[in-house]
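K.L.:
Here the sequence shown is numbered in the numbering used here, starting from 27 and rising by one per residue.
If you're looking for bench data, these hints aren't it; they were derived computationally from the structure.
Since we're looking at a predicted model, the values are computed, not measured.
All C-beta atoms in this analysis are idealised placements derived from N, C-alpha and C, irrespective of residue type, glycine included.
Treat the hints loosely; a few may be bogus.
[As the list claims (entries may be wrong)] If you anchor each label on the Cβ, the simulated ranges turn out as follows:
{"hint": "1", "residue 1": "197", "residue 2": "164", "range": "36 to 42 Å"}
{"hint": "2", "residue 1": "438", "residue 2": "512", "range": "45 to 51 Å"}
{"hint": "3", "residue 1": "231", "residue 2": "449", "range": "17 to 23 Å"}
{"hint": "4", "residue 1": "574", "residue 2": "468", "range": "33 to 39 Å"}
{"hint": "5", "residue 1": "160", "residue 2": "307", "range": "40 to 46 Å"}
{"hint": "6", "residue 1": "69", "residue 2": "375", "range": "19 to 25 Å"}
{"hint": "7", "residue 1": "77", "residue 2": "373", "range": "32 to 38 Å"}
{"hint": "8", "residue 1": "315", "residue 2": "363", "range": "44 to 50 Å"}
{"hint": "9", "residue 1": "407", "residue 2": "345", "range": "17 to 23 Å"}
{"hint": "10", "residue 1": "75", "residue 2": "160", "range": "22 to 28 Å"}
[Stated by the list, open to error] With a cut-off of at most 25 Å between alpha-carbon atoms, the simulated DMTMM-like pairs for lysine to aspartate or glutamate come out as follows:
{"hint": "11", "residue 1": "471", "residue 2": "383"}
{"hint": "12", "residue 1": "471", "residue 2": "499"}
{"hint": "13", "residue 1": "574", "residue 2": "482"}
{"hint": "14", "residue 1": "226", "residue 2": "167"}
{"hint": "15", "residue 1": "87", "residue 2": "63"}
{"hint": "16", "residue 1": "199", "residue 2": "383"}
{"hint": "17", "residue 1": "226", "residue 2": "44"}
{"hint": "18", "residue 1": "574", "residue 2": "410"}
{"hint": "19", "residue 1": "574", "residue 2": "507"}
{"hint": "20", "residue 1": "199", "residue 2": "227"}
{"hint": "21", "residue 1": "574", "residue 2": "492"}
{"hint": "22", "residue 1": "87", "residue 2": "131"}
{"hint": "23", "residue 1": "87", "residue 2": "46"}
{"hint": "24", "residue 1": "471", "residue 2": "514"}
{"hint": "25", "residue 1": "471", "residue 2": "422"}
{"hint": "26", "residue 1": "574", "residue 2": "422"}
{"hint": "27", "residue 1": "87", "residue 2": "467"}
{"hint": "28", "residue 1": "199", "residue 2": "111"}
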Amino acid sequence: MLLLAMAGQAALARTVLELDAGQQPVALADWGDYWIDPTAQMTVDQIAGGTTLPWQETLTKGIYPLQPRQALWIRFTVPPAPDAERWLLEIAYPALDRASLYTLDRAGLWREQRTGDLTPVNQWPTPHRHPLLVVNFNAEEPTHYLLRINNVQGFSAPIRFVSSSYVLRGEQKVSLFLGVYFGLALLGLVAGLAGVILLKDRAYLYYAFCSVLVGLTQAAITGVAALHLLPDYPQWADRSLVVLGVWMLIALLLLNATIVSLAQRSRLLNGLVWAVMLAGAALSLALALTDSELRIRLIVPYLILAPLLMLGVNLWAWRRGDRFGGWLLLSAAPFALSLALAISRYLGWLPLSFVTEQAALASMALQMPAMLAVLVLRSQHRRENTRRIRGLDRVDPSTGLINESVFAERLARMIARSERLRHQGAVLMIDLVNTEQIQRDFGRKAAQDLPLRVAERLLSTARDIDSAARLSEHRFSMLVEGPFSAVEAATLGPRIVARCLMPYHGLSVECVAQVHVAYALVPRQGPSAEIALARLAQTLAGVSPHSKRAVFMIPDYVATV
């Protein structure tokens, strides 16, 4: 029984607060006691003198049941300790509304230090990104403290004791990550402006706008905005996170809709996106004018709706074959998940932790470079499409081969070059003659694909200096740069016939292209492009489609008087 009693006492023993510089940060854990004032009207003297208040042990981990318009009071005592180090009470929660630390001095009076969003940062005892309160104690007797916390989002942040040197070292590490976050935002701004100027693409303007808002939102989340941008404007510092967060979601919706060309593809869905964006603009105005308790009720539905709509747009675009929709969906998924964690924390479902605080920052830092990569790929594809459209009057759109007019120009230049260099080049005309048979035996799709297969084989046969063209639906032609002898030219036709008769991947071995080839040496057998093409066409016109002979050479040209 004695052993059981000793074990029970050990289990109920509370943590001893020992400010050891070698064991930082020192958590308050269950060393203190807490009580929640349901009206937030009691003064520090009333709290200190209240002997009937139902104090409870402070939570090692978890969420205090603090509601709006209530005050969380925590009392603790720091044992006697040497004062070689300057110790601070740290609450790593930049969005905290108010934290007041009361110290009982030797005269019996309570001295207040106040921090939080509702107090100008310049008036904090230690201006910082999040509340830091000086812990004054001595080496002779215990020091008593009362900590008052007001926050409409509840309270679950860890309360820790740290030395000033520890804070300095920690800020050096944090500065590295903040530099990465803000550096990526600045890079996004520069890249966006460069894209607008160089590529004349408004999507880059939206990206630059989005990068600025992401950077400002990150500054608000980490407390940098209140410390460096709004140190004398607590009301704006208190509202900056929700207002900037809404505008960041508006910018992300606009950017996603622009990248997937939503306005051109779905007027209904695009109208829905614009309605949500306009609602967000109106919401941001309401958030700037309302108090903290109402702001949470207003912003949480929008934090749910906007990311879901963004994911829905990207999923819709991906399902309809958009080449960028899948990448946008993949980049937005971590951000949406981090917002879900943030909403859970706002609603008091999850305690404040490193994951819930840093998840949103990390997801933003990853999403913006991913979207920039998508923008670059989009610009590349748009340039390729523009070049392809501009070349439609010179290129056959289905095969990518040059058309008849361009082929005639190149043939004329080759004839002139051959005359100047006194050698012979070769021109070949190829007719595809078995499309009807392929359609009967293997179907319409195989017959439609057969010219494309022939074009592939011609391109694989041609050298870099040669040219292949499509003159009509079933007629092709090639230019083969010389010098050539008649014997060498005679091997060109059989080589093309053999290449076309080789089986095609994914098709039956009997589904092959049968071609007739007529060739000529120029300028000997065609002194001009018109004459050469006419003689080749005339030769093929006189050949029966069922002819077993496949290669034909036209005779030398004899000028008529």
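K.L.:
With reference to the structure, classify each hint as holding or not holding.
P.N.:
Consistency of the hints with the structure:
1. 197 x 164: 36 to 42 Å: violated (28 Å)
2. 438 x 512: 45 to 51 Å: For residue 438 and residue 512 the Cβ distance comes to about 22 Å; the hint is violated.
3. 231 x 449: 17 to 23 Å: At 56 Å between Cβs, range violated.
4. 574 x 468: 33 to 39 Å: violated (22 Å)
5. 160 x 307: 40 to 46 Å: Between residue 160 and residue 307, where Cβ atoms are some 42 Å apart, the hint holds.
6. 69 x 375: 19 to 25 Å: violated (33 Å)
7. 77 x 373: 32 to 38 Å: holds (36 Å)
8. 315 x 363: 44 to 50 Å: violated (31 Å)
9. 407 x 345: 17 to 23 Å: holds (19 Å)
10. 75 x 160: 22 to 28 Å: holds (25 Å)
11. 471 x 383: It is violated: about 57 Å lies between the C-alpha atoms, which goes past 25 Å.
12. 471 x 499: Between residue 471 and residue 499 the Cα gap is close to 15 Å, so the pair holds against 25 Å.
13. 574 x 482: Status holds; Cα separation ~24 Å.
14. 226 x 167: Measuring from Cα to Cα gives roughly 71 Å; hence the hint is violated.
15. 87 x 63: holds (21 Å)
16. 199 x 383: Cα-Cα ~16 Å, so holds.
17. 226 x 44: violated (63 Å)
18. 574 x 410: violated (43 Å)
19. 574 x 507: violated (29 Å)
20. 199 x 227: violated (38 Å)
21. 574 x 492: At roughly 28 Å apart (the allowed maximum being 25 Å), residue 492 and residue 574 break the hint.
22. 87 x 131: Between residue 87 and residue 131 the Cα gap is close to 30 Å, so the pair fails against 25 Å, i.e. violated.
23. 87 x 46: Holds, at about 21 Å.
24. 471 x 514: Not OK: residue 471 and residue 514 at ~37 Å, beyond 25 Å, violated.
25. 471 x 422: Distance of about 19 Å is within 25 Å: holds.
26. 574 x 422: violated (30 Å)
27. 87 x 467: At roughly 76 Å apart (the allowed maximum being 25 Å), residue 467 and residue 87 break the hint.
28. 199 x 111: holds (21 Å)
Checked against the numbered hints given earlier, the structure breaks hints 1, 2, 3, 4, 6, 8, 11, 14, 17, 18, 19, 20, 21, 22, 24, 26 and 27 and satisfies all the rest.
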